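Participant: Both chains come to you apart, so use the hints to assemble them.
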Amino acid sequence: MKAHYKSDKIPQPPIAGSIQPGYDVSLLFPVLFLVGIGIVMVYSASSAVAAKKFESSYYFLKKQALFSMSGIVVLVLCRHFPLKLLRSFTYPLLVLAFLLLAALHITDLGISVGGAVRWLRLGSFSFQPSELTRLSLIVYLAYSLSKKQDRLENFYVGFLPHVLVLSVFATMILLQPDFGSVVILGIITWIMMFVGGVRISHLLTSLLVLIPVGCLFLISADYRMQRIASFWDPWQHAANGGYQAVHSLMAFGTGGIWGVGIGKGYQKLFYLPEPHTDFIFSVIGEEFGLIGVLIILGLYALILIKGIRIAMDTEDPFASLLAMGLTAAIGIQVCINMGVTLALLPTKGLTLPFLSYGGTSLLMNMASVGILMNISVNSGQLSADNGQLSVNSYQSSVKLPVTSEQ
Amino acid sequence: MKSVEKKRRKLRICIVGLFFVFFFSVIGIKAIYLQAFCPWLNDRALEEREKSLIFRGKRGTIYDANGREMAVTSADVESITAHPRHIKDPRATAQALSRALQIDAKTLNVKLESGKSFIWVKRQVGPRKSRTVKDLRLKGVGFISEHSRFYPSGTLAAQVLGFTGVDDRGLEGIEFYYDNWLKGSDHKLTVLKDGFDRKFDTEENTDMSYSGKNLILTIDKTIQFITESALEEAVTDFSAKSGMAVVMEPDSGAVLALAHAPVFNPNSFGKFDRDLWRNKAVTDPFEPGSTMKIFSAAGAIEFGGCTPDTIFFCENGAYQIGEDVVHDSQPYGWMSLGKIIKYSSNIGSVKVSEMIGPQLLYKTLRDFGFGEKTRIDCPGETAGTLSFYRRWSKIDAGTISFGQGISVSAIQLITATSAIANGGMLMKPYIVQAITNSNGQPVESFGPRKIRRVVSAETAEAVRQMMKSVVEKGGTGEKAALKGYSACGKTGTAQKIDGKGQYAKGKYVASFIGFAPAEKPRVVILAVLDEPQKNHYGGTVATPVFRKIAYETLNYMNVPPRHEKKKLTASVAGDQLPMIVATVNGSLSMDHGE
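Protein sequences, first through last, are from chains A and B. Going by our numbering, the residue at position 93 of the first sequence is 93; the numbering climbs one at a time, nothing skipped. Start counting at 1 in the second sequence, then tack on 406, and there's your number in our numbering.
Next comes chain B alone, as it looks inside the complex (with noise of 0.2 Å):
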């Protein structure tokens, strides 16, 4: 019995036994084709782990001729993502959300019940409230530290610099026009990251060869600064609607400084009117007036025969030409050109141009660059309207010498202008002199550019000795004249045109162009007002704005003052006196002429 038992109780214990042998070699050869023969698990689980983590380099920075910092890219904000598929309870996370950061519970909640794999909830939150989100310890939910751009200076050349939106892409600006090179690249980091999508274990985004590269503008903070500060306070004393000034080195066409007022501030460019992000001395075109009446003389004097000394007759004030009558601000009877060109006779003007006739002055216009685009290197150039001059009337011809019926854009004006005060050369403008990598080293750097030759460099002088009639003692622009430093110039008042075309009443553009030292000019600064309230006259109106930006830049550039013999010897150490004499005589030799 108890033998039958046994042996029974045996059977059944092996047949036990046999269940473990199969339920063993299942699990054995499951294991051995899960690990030998399925390779794409692997795969698999990189996937999952390794991808979705694109990082882009760190942006280059923007600095000034100087190498100081006007635009810079830092890490310290992170941004909030959330991984929907991994949040069990959308609701409660997008109302814990939404309180943390302020943000509308319902479209984060339709956003979290997606079902997508990725979304962003936040982008670029400082760090006090990214940590708050980082304390509620919600599943699913992400950081991504990015880049923020943030400009040191604040407004300081806000239109120039331009800004980034939240992408890190250049919108506006220089941040716009270098995007390819300002852009980091885009790269995927082999990111490692945990259940909760936390990554892991990697290298933090330093690797500088993702990097864009660096801007060296040719804005000097500091002449940017005197730029912007006499600026506001032309604007502000004229109540001016809008102003704009530029200073160009007239040698290479680098652009000194650039500025607008009003300003508005990059760091927060949404707070502020779309209208001001412009760069609106290269994108708006405008009738410069007067000032163009050196370009009418220019051609006259290369293409005409005329000298300085050429008479005109101003006809007495008023001068009929069809049905239009041009009228000067004081009759005048005959007059020289230097002297149309000092009191700033439109009738003399008109005269000019009737000698050397539409096309010579169609075609000096053409050379001196205006209705085409310079080519500077800033987004939204315009090319201002110079018409064709076959299609020119009488009257055009006429007041396009004196500077309406034509737009340009400011950075033409002080183009041609430098073109003048160099010896005839048009130089194209720029704003960016070299492109360095992320280790400093340039990888491309853009010098002086010479377009053409406009006028010889003996038209250039006689038009720079009427131009600096003009800032002399009864010239239209006498209150440009700077202390210690001879100056040219020339003024404009421009009537404004309205909607319908006609010239609108009571607005006016005022403007001064000028350069200084009048023998060898180092700078030369245009000063334009939009809508001055208080007076109208660039004589007046951008005047002050020229001398302040000229005397101090000067100064700043360390170019010596032309002292008055008998201060010379009282101001100036002695190492230095030989220099200074030099330029006192030159400049007493040329007084001589005048």
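So here's chain A without its partners, still in its complex pose (with noise of 0.2 Å):
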């Protein structure tokens, strides 16, 4: 078994390096490309509102390449850093974003926008602690699920801990209230408890318990049922609750084939409310039209088709699911965006990684990368810590790539 694991494992990495000289270039250069639209369709969706509210049609432009700067650092961060280290840092992390969720809500530095808490006062930049949590919540799944993975049939410890630990971070982030972001955590969970081991008579029988609680939770407020109901038929509440679905839909529909152009979009003029973070898709699907619409899913589809490989790929069970977490979860918040923008799914407000505007949501998902890229070519080095053979070949095939970078 191990022999076979060695003689299929050991010549890949040094060709994958000589190909990709630390930095799988398959991941980054899509990364990269979805950056730099998302620069050019920021500005581009948001100058006119940038204008008003800022008398500068820059505004959002120059933060965003900042951001974008910033990203691409944190990246190259976590490309290199150790992933042992990063499992180690399994439980600070989990502390750290409880106590940035607490502090929204039990200091003044929570930045209150449109009645929801979600923001978090640092300097003169605000950070969003629930997209720091959906990287804790990932890593801490990960190594959960890989230590205990033995042991993951038994409901008691395959199922409630985890289930008990998202329902901790749930519930600080529905009091925010930010209910897209808990859906996401969720689905992210299942996913990686599907994935790692959990029975799945657990999960399925959990989620038959869940919908009538979703039901429930749907009834008991008249705005939930009254969005619900505009999601049905958009066009019938295009006045009030379909209205931003109404207009996503007419900027796809203008857009037709071609797109109208770049900047020459209507939708992004004050009918869509967030032209530059929730509906940049919209404003893509105007400007650049279906065949600008199919280039960015081909992109995402490229990040996701590489992660899973890497997550396929790799030996090292924490590693594996850390990298299956993480597609995941840019591929759920490229689902769930473009499903809202599509009308496909009620309005929430959830951003497109990479994309939109917004940079807790750019470092994160740069961050991701970052360390996606470092499992596809360094998961070699836990597999050392494990007791594993391989470690050595591997080790020095992967660092002679990473010095002939300087």
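Since the hints were derived computationally from the structure, they do not count as laboratory data. Among the hints, a few may not be true.
[Stated by the list, open to error] Stretches of chain B that chain A covers, calculated by requiring three or more beta carbons in the stretch to come under 8 Å of a beta carbon on chain A:
(1) 410 to 416
(2) 421 to 435
(3) 440 to 447
If you're wondering where the values come from, they're calculated on a predicted model, not measured in any experiment. Each residue gets a CB set at the ideal place from its N, CA and C atoms; glycine is no exception.
Facilitator: Below is the structure:
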């Protein structure tokens, strides 16, 4: 078994290393491409809004460019950050996320926007703790699920603790309130538990319990029911609940196949509420048409395929689960955001990774990609700690390109 | 063990991957559906950002005969609009707007909660107030720049011009009559709006092809001013209830001035009594009194074989017709037709009418245009009342000949008199001489139009001579005599009819109709004063109006005055001499005839 594993695995890293000198180009390229498009589209989508709110049409462009620079730095740092160390940071990260979430409510650093407290003021910047929470939770689940992988079949070991940790964070985030982030955390947890090896019966039964709870939750508030109704038929509610969906659909329809051209879209001109964050995909749809939409979708598909490949190819369970969690997080955000702009899902304020304006989101997603690249090249390091034999040749082959990079 | 777990993990990762494949496919299919098969979405979007902005071209300008502006349209006002569907808090919005614009918050609130897509909050707000509202930054509240009509000369010729309402439509006067020409055409401008319903990226509404046409009036601002000043002075001096004065060019029928007193300001017409808005010279009939005698006399000369020297017996001041008695202000015995006019004998006039008979009197008056509209280009014209001669009683035939029992409009009276002044041709009166487009090129022009020949040139000349004697010493209109110009005229003093159809005591209409210079009349002037208090005789009350208007207008029109010989060398430059001498000669020869 081990021999097979060795012979199967050892030749790969040097080959990968020689083609991709330390940085997995097949992952880096689509990400940088999306970040670049993001800067341009944030400007196109936000210039009118920025000019009105901040009297400078470059306001969001400048900030997004700065975030992108920082994002690349974070990506490089995460690419080289020892995965072993990351694993040992699991609990400190969880505590940090918990403290930052708590800080939203118990300190006066929380910034209230439209009745929701989602940002922390940090000097001249603001930070979104729920984005860090997502990363922390993924690291924790990868750690916990890989550590307990022999006993995951047990409900009290494999299912309950993870769901409890999730519910602590979910409760805190619901207090902000930010229902969308909770949904994403829930889906990630279920996916990671599923991939990690938790019994499918546990996962499905718990879902069956959650569905009526969710329905009750929806019925309990009038505005949620209205939101569902306007999701069902946005044209009926075009003046109020369906307004965003209708204008997003109009943006796609106006774009047609070839788009109206960059900067020439109309729906971003105060028709769409958040053209540079939640509805940037609609702006792309209007300005670049179906061609642009499919290219963007394709770039995300490349990232997901690569992420899933990494998760599958990585021997180390922690690294594999981590890769799966990070990839799934990006994928879910993409699906929900695009689903909302295409009126496939009810309106929820979620950003599109790499493209939407927003510092925390961009930094966290870039960190995810950095870690994914790290795993793709360096998972051997972890295997070494696990007492596997393949280490030496693997390590040296990996180090070469890293040093050659200088 | 590890291998089993690894295999399971790989399998489960594959399943997760398949889920993503599924969701991405759904997203891709929906995008393809929306972007390749839903062209109606684009239509909806276009409809939303392009509709509901209809622009009206700029209203045309009204110029006087010399191209001076009398009514202009500027675009310095804005109207405040609201889009109730975009207003989240109608009550707060209504309150903020009502404070800024001093309008009722409750009514506005009802409108804002109506769920309509568009309402007017307030039309035509000045720049300062609209600035205030803009600073409030209310969502769903919009602004549309609108045209406002401005009358640079204020009250001048107000009743002629009329005014426009808030929709830029003419409501009175020329503005109403020529509204279809003046008004700009409606056009849908493809205005693009953003989500706040603000328009952007559109050319301003300056396209001239949508502008209304301009009018060039026959009215001359200067003559209008002269006329209004003279009229107002007389109305004040004699405490008259109201007055009107008309100046017409006899050869063409062009109205040079048309004045009313009291005046109103069309820039703020709402603050004035509605009664002042009417162009009464056209719309209101009145009993003219003795000014009608000139037409009876003209009929007698044209159809009755009379001459100014034909004599009539004036019954020594009282003449019984059936049960009624006609009086003269002074008793006269035998008098020539000329003297009947000069001294304005009612009995003489009755005798004249008896001589030609009702049928010919009626024909003469109809020919002069009484009892029918002149079709002047002003709204609401009256035809006056001239009943058919077969329905006249004996006394009617008599009184009509001196202007009682018949009603006329001022414009009828001056048009008929113009026919005498110009040698017997009835002209159609008019007030707009040309319509031009926004580049100033004429699209329509209105010249003099002959209606019919009423009397022969000789008859007209004979009547003119009689009218000239009126203004001379001893005539009822001697106070109308002009310094430097010869003039013709006729006074009129009519008793007014009260509500019960009886002649009211102490209520008179004093008038004077005349023209100058007598030899070649350039202007015909009618002055009418309603219920003057201090004196009611046309010869006293209305003559000063005529005199002032005639003198100043002829000066303004550069009509050379007739100088007495001794003054001639002193005041006139050499190069003008021959022309003046000619005039002097002409008038001298006429003077000999008197």
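Participant: Hint by hint, note whether the structure agrees.
Facilitator: Quick rundown of the hints versus the structure:
no.: 1; hint: 410 to 416; result: holds (count 5)
no.: 2; hint: 421 to 435; result: holds (count 9)
no.: 3; hint: 440 to 447; result: holds (count 7)
Figure legend: structure checked against the earlier numbered hints; every hint is met.
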